[in-house]
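Position one of the sequence shown corresponds to residue 1 (the UniProt record's numbering), numbered consecutively onward.
Some hints could be false.
Quick list of simulated restraints, FRET-style, between CB atoms [as the list claims (entries may be wrong)]:
#1 Pro348 to Gly165: 38 to 46 Å
#2 Ser233 to Cys198: 38 to 46 Å
#3 Ser307 to Arg14: 49 to 57 Å
#4 Ala213 to Val357: 53 to 61 Å
#5 Gln6 to Gly329: 45 to 53 Å
#6 Ala156 to Asp384: 48 to 56 Å
#7 His15 to Asp59: 53 to 61 Å
#8 Gln270 to Leu25: 26 to 34 Å
Read the hints as simulated data drawn from the structure, not as lab findings.
Predicted model, so just to flag it, every value in this text is computed and none were measured.
For every residue, glycine included, the Cβ atom is placed at its ideal position computed from N, Cα and C.
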Amino acid sequence: MPYYQQRGSIPPKRHTQHRDADGRLYYEELMGEEGFSSDSSLLYHREIPSALRDARSWDLPDLATAPNEPLLPRHLRLHELFADDAAGTDLVRGRRLVLGNEDVRIGYVVGSAPSPFYRNALGDECVYIEDGAGVCETVFGPLAFTRGDYVVVPRATTHRWLPSGTVRAYCIEANSHVGPAHRYLSRHGQLLEHAPYCERDLHGPGDPPVETAGDTEVYVKHRAAGPTGIAGSVHVLPHHPFDVVGWDGCLYPYTFNVEDFMPITGKVHQPPPVHQVFEGHNFVVCNFVPRKVDYHPLAIPVPYYHSNVDSDEVMFYCGGDYEARRGSGIGQGSVSLHPGGHSHGPQPGAYERSVGVQEVDELAVMVDTFRPLRLGEGGRAADDGQYAWSWTRG
């Protein structure tokens with residue numbers, strides 16, 4: 001995160017005594033990235049944060065992946081993965097893996113049940129709320145979320161999801177940290193004038209709740225040996241994980257709503273990096289929002305055909321009407337996978353229809369990865385099997 005925040009009660013100097021009204025010491029915890037060498041926050045707990053009462057294994061859902069072979073562009077219908085009734089599904093254990101590689105996993109879930117307390121020790125999570133609203137309670141404090149929000153949760157942050165009704169969520173799980181693109185930041189971390197959003201658009205948590213209940217289970221996703229490199233455990237704490245009385249620093253969860261993204265446009269068609277919103281190790285996140293389009297008198301507003309030489313491109317279509325894909329079967333809740341090694345672009349007829357268009361009404365979240373993506377069980381189940389042939393006339 002690029003700027004400092006403070007919540008609750010903290011001492012005047014870090015690493016010094018901090019006591020409650022009865023003189024009892026609070027326990028200071030440093031939560032930091034890259035081994036004391038990057039962003040961090042200090043949290044002050046009522047109880048020892050390392051304390052455990054018990055532990056057991058958590059049987060994770062199917063995280064195995066299969067290669068995209070033969071190499072094909074694919075259309076995945078994510079809305080078909082979940083029945084209309086989401087009463088028994090939560091936003092943590094109900095996720096189905098759509099695509100993944102060594103750097104990032106993309107999942108999808110539709111749920112309305114409260115999730116368990118959860119901690120992802122593999123990397124940061126960037127969860128896009130396709131529809132619905134609720135609260136993501138965290139050890140730092142609560143984050144209200146609504147449709148169009150990205151909810152960015154740092155690695156190993158204990159949190160739980162409390163939907164108010166049914167929520168559709170597109171889950172980007174990194175094996176690294178996720179933050180604003182470095183080219184948007186000053187050398188001190190401030191978002192620059194040419195960035196398509198600023199610090200005012202990033203909304204941190206409210207005051208920590210300071211819960212005092214007893215034994216509490218926390219579901220932990222973590223590194224492990226084995227084919228997926230991922231395992232799950234359930235830790236039983238002798239106290240409530242939300243026992244923080246205060247914290248300060250530059251590492252914390254936050255939300256960013258896609259409507260606060262100010263699109264960058266040009267006289268001729270602009271390349272995908274102008275739509276970037278976040279980045280992680282070996283991948284970027286972009287969003288395509290309603291906007292004015294190219295204003296050169298001979299402009300062709302839809303994308304030119306292009307080959308992804310260095311990356312796989314994943315588009316999640318979540319609003320409006322994406323003109324370039326008309327006629328392919330893609331609609332709301334669809335994902336297109338355009339792999340490196342295959343040239344792609346607008347569907348037949350879209351190139352010609354776009355001439356003279358002055359604005360587009362489209363909303364999509366794009367993830368570009370720099371290592372090939374493999375298909376998860378959710379991706380295989382949602383594949384329409386026809387998209388690869390949609391550019392062929394006759």
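Next item on the list: Identify every previously stated hint that the structure contradicts and give their numbers, smallest first.
Entry: Hint check: 6, 7 and 8 fail, others pass.
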